[in-house]
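Assemble chain D onto chain F, guided by the hints.
Those protein sequences? They're chains F and D, same order as listed.
Under the numbering used here, the first residue of the first sequence carries the number 5, and numbering increases by one thereafter.
Under the numbering used here, the first residue of the second sequence carries the number 5, and numbering increases by one thereafter.
None of these hints come from the bench; they were simulated from the model.
Errors might be hidden in some of the hints.
Copies of one chain are not kept apart here, so a pair can be met inside one copy or by any two copies together.
Calculated cross-link-like contacts (lysine to any residue; reagent style SDA-like; alpha-carbon spacing at most 25 Å) [said to hold, decoys possible]:
| # | residue 1 | residue 2 |
| --- | --- | --- |
| 1 | Lys121 | Glu96 |
| 2 | Lys9 | Asp45 |
| 3 | Lys121 | Ala171 |
| 4 | Lys9 | Asn230 |
| 5 | Lys126 | Asp146 |
| 6 | Lys9 | Asp122 |
| 7 | Lys121 | His147 |
| 8 | Lys9 | Ile214 |
| 9 | Lys121 | Thr144 |
| 10 | Lys121 | Asp146 |
Being a predicted model, the structure only gives us computed values, none of them experimental.
There are 2 protein chains.
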Amino acid sequence: MERRKILVTGMSGQIGGILRRSLGERYDFSGIDRRGLDGVDVRVADLADLDAITPVFEGIDTVVHLGADPSPRASWESVLDNNIVATRNVYEAARIAGVERIIFASSNHAVGYYPMKDEPYKSVYDGRLNEVRQPIPPLTADHLRPDSYYGVSKAFGESLGSYYHDAFGISVICVRIGWVMTPDDPSFHPAALSLWLSHRDTASLFERCIEAPPSVGFAIVHGMSNNRLRIWESETTAQIIGFEPEDDSGVDWTERPGGPSFI
Amino acid sequence: MERRKILVTGMSGQIGGILRRSLGERYDFSGIDRRGLDGVDVRVADLADLDAITPVFEGIDTVVHLGADPSPRASWESVLDNNIVATRNVYEAARIAGVERIIFASSNHAVGYYPMKDEPYKSVYDGRLNEVRQPIPPLTADHLRPDSYYGVSKAFGESLGSYYHDAFGISVICVRIGWVMTPDDPSFHPAALSLWLSHRDTASLFERCIEAPPSVGFAIVHGMSNNRLRIWESETTAQIIGFEPEDDSGVDWTERPGGPSFI
Chain F
5 MERRKILVTG MSGQIGGILR RSLGERYDFS GIDRRGLDGV DVRVADLADL DAITPVFEGI
65 DTVVHLGADP SPRASWESVL DNNIVATRNV YEAARIAGVE RIIFASSNHA VGYYPMKDEP
125 YKSVYDGRLN EVRQPIPPLT ADHLRPDSYY GVSKAFGESL GSYYHDAFGI SVICVRIGWV
185 MTPDDPSFHP AALSLWLSHR DTASLFERCI EAPPSVGFAI VHGMSNNRLR IWESETTAQI
245 IGFEPEDDSG VDWTERPGGP SFI
Chain D
5 MERRKILVTG MSGQIGGILR RSLGERYDFS GIDRRGLDGV DVRVADLADL DAITPVFEGI
65 DTVVHLGADP SPRASWESVL DNNIVATRNV YEAARIAGVE RIIFASSNHA VGYYPMKDEP
125 YKSVYDGRLN EVRQPIPPLT ADHLRPDSYY GVSKAFGESL GSYYHDAFGI SVICVRIGWV
185 MTPDDPSFHP AALSLWLSHR DTASLFERCI EAPPSVGFAI VHGMSNNRLR IWESETTAQI
245 IGFEPEDDSG VDWTERPGGP SFI
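Just chain F, same shape as in the assembly:
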């Protein structure tokens, strides 16, 4: 059987590397990136240039759109070019080429102000677990509260995906990704324990998105490991794409001075 042709934007990034290492035998990967990569078919191009990227989509079955300015501190100018214009161009090039499915890397930052401002989420992120009432009402696809221009651009990519699905029939799965980190160890902060998506679960998550049946037309799903401190819904995600994360970050952490801030 011929392997499915998967085009990954931002192939040189952390998640691109995990996909190549874990799923490189199963799928026929190619990429678009700002820079070339040894041993991988990568077209060097700027996603903000529609004409430059359109030919790369020919013959592709599924697009995994990871390419973006990944910083929640990114300026408006960078987000506009690298996340907003780029994402529209990826959808448009996929439409022109007749791609079946786009998997869009959305982010927890699309709802990032909930855990920064509202209880019980804030107590989870701050590690005040004795103040957390159980069960935590999970954040769902209907929630939207971006914490940055970056988060706004991820909400934009979701609603653009909804439009492209309804208007053109292309399947779009948006994944609100937690936090993929290297080294693959979230024990340095309670928020990281909540957000963690392990490398193993990252590979499984994208495989599930690629393999989900064509009946999955448009969906917003969550990409976090099975963490005990998780604050996002997981049941709907499991129903829609069959993603069942294996890893659990637990609840024990070590505060490090000058640790991460989340926006």
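Same frame as chain F, now just chain D:
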């Protein structure tokens, strides 16, 4: 008492005219527009040019952001400049100037695919009222299903408003406006009967948004008259801003050949 200073973007448009005629004595209106207007303090500028518009926001209490490419058929290029970049610039200029509140003209097109694709909304738009089950589950602020680049840009303006409120404390009220039309008569099509926002209700709606107390930090509300064929929620809107529309378009219409299409 000094009149509140209201800056209206897109002042030369239909809604700008209604606001000036109905509320011109109550408020001190100024505007930004692509073209000048007799008898009104209008700065001619392109909203896509942040430096050009920033000085106009000095001393303003409330911004009513109507300026946009208003066509659901607008190209991506036009939407990008006139709706996305322009809206970010309006929020940013308002933030710099310390404006208290932005009223953002969102649109029913942010959820426009529901009545084009899903029952019972579709039957309402198509005028097959015998197929409509009662009561109609109303579309709410949590629904999102844009029908065009234009609709995506309105969803963008809403999520950007949520971010600006959380990050900078500015009050943002997003109004999903139905259909303000001239002449002020929706009897030509069932969808128009559903979407109608009469001129009188338009003035009352924006007055309510301007007068809503500072405790209204961020909200998405609906701007339709009290139409019997209405498919959007109204109770939450009434609770948040006190908008109680007076007009009702009823259910009787005359089909006209080549009537409107909604995207």
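To see whether the hints hold, each was checked on the structure:
In this assembly of identical chains, Lys121 and Glu96 lie within 25 Å of each other by CA distance solely across copies; the values are 22 Å between and 36 Å within a copy. In this assembly of identical chains, the alpha carbons of Lys9 and Asp45 lie at most 25 Å apart only when taken from the same copy (12 Å versus 58 Å across copies). In this homomeric assembly, Lys121 and Ala171 come within 25 Å of each other (Cα to Cα) only across copies, at 11 Å, whereas the closest approach inside a single copy is 36 Å. Taking identical chains as interchangeable, the C-alpha atoms of Lys9 and Asn230 are never at most 25 Å apart, the minima being 29 Å within one chain and 52 Å between chains.
Taking the closest pair of Cα atoms, Lys126 and Asp146 come within 25 Å of each other both inside a single copy (19 Å) and across two copies (22 Å). For the identical chains of this complex, Lys9 and Asp122 are neighbours neither inside a copy (42 Å) nor across copies (33 Å), given an alpha-carbon limit of 25 Å. For a Cα distance limit of 25 Å, the shortest separation of Lys121 from His147 qualifies both inside one copy, at 14 Å, and across copies, at 23 Å. With identical chains, the CA atoms of Lys9 and Ile214 are at most 25 Å apart within one copy only, with a shortest distance of 10 Å there and 53 Å across copies.
For the identical chains of this complex, Lys121 and Thr144 are neighbours both inside a copy (17 Å) and across copies (23 Å), given an alpha-carbon limit of 25 Å. Proximity of Lys121 and Asp146 under a CA criterion of 25 Å is satisfied in both settings, with 18 Å inside one chain copy and 19 Å between copies.
When the structure is compared with the earlier hints, violations turn up for hints 4, 6 and for no others.
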